[in-house]
Amino acid sequence: MMQVEGIAAFMRAWQQGEACCWALQPGNALIFAPLPAPVLTLRILPGSRRDDLVRQVLTWRFQHSDRYEGCYISMDADGALSLICFPTDDDDPHDLITTLCALGDVR
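So my numbering is basically just the index in the sequence shown, starting at one, shifted up by 1206.
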């Protein structure tokens, strides 16, 4: 998986169908994997998140189901919180990134 610096490089790799990872900030990364189906993941490591973030994410996902439609929440074996969506050709990549970051309270 290719490590990229910045949103422009991340978007280029995504548009070219290349797997890539962009460290938004220490402990938070956006990951795009094109195969077997496109997946966009915001991964938040345990040491970089607030203690109440998991509860907040679950609450927001439930309370704002229309806004976060198509967003899935997972806790990885290493304790990382993963917020996941499956982009289609009709989706705006910037909107998806903004949505996942809003759900994960990543600025």
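Hints in this document: simulated from the structure, not taken from any laboratory. Note that the Cβ used here is the ideal one computed from N, Cα and C, for glycine as well. Check each hint, because a few of them may be wrong.
Computed Cβ-Cβ distance ranges for the label pairs, DEER-style [to be verified]:
| hint | residue 1 | residue 2 | range |
| --- | --- | --- | --- |
| 1 | F1268 | M1208 | 30 to 40 Å |
| 2 | E1211 | S1271 | 27 to 37 Å |
| 3 | D1257 | D1296 | 12 to 22 Å |
| 4 | E1224 | T1265 | 30 to 40 Å |
| 5 | M1207 | I1279 | 16 to 26 Å |
| 6 | S1271 | D1298 | 28 to 38 Å |
| 7 | G1223 | R1261 | 21 to 31 Å |
| 8 | L1251 | D1296 | 23 to 33 Å |
| 9 | I1290 | Q1221 | 14 to 24 Å |
| 10 | Q1222 | R1261 | 17 to 27 Å |
Quick rundown of the hints versus the structure:
1. A beta carbon spacing of about 35 Å between F1268 and M1208 agrees with the range 30 to 40 Å that was offered as a hint.
2. For the hinted restraint 27 to 37 Å between E1211 and S1271, the CB-CB distance of approximately 35 Å keeps it satisfied.
3. At roughly 37 Å, the beta carbons of D1257 and D1296 sit outside the given window of 12 to 22 Å.
4. Between E1224 and T1265 the CB atoms are about 35 Å apart, so this pair conforms to the stated range of 30 to 40 Å.
5. Range check, M1207 to I1279: Cβ separation about 22 Å, and the 16 to 26 Å hint holds.
6. In this structure the supplied range 28 to 38 Å is violated for S1271 paired with D1298, their Cβ-Cβ distance being about 20 Å.
7. At about 36 Å, the CB distance of G1223 to R1261 disagrees with the hint of 21 to 31 Å.
8. Under the hint 23 to 33 Å, the C-beta atoms of L1251 and D1296, about 31 Å apart, fit the expected range.
9. In this structure, I1290 and Q1221 meet the distance hint of 14 to 24 Å, their C-beta atoms being roughly 20 Å apart.
10. The hint said 17 to 27 Å for the Cβ distance between Q1222 and R1261, and at roughly 38 Å that hint is violated.
Going down the numbered hints, you'll see the structure goes against 3, 6, 7 and 10, while the others check out.
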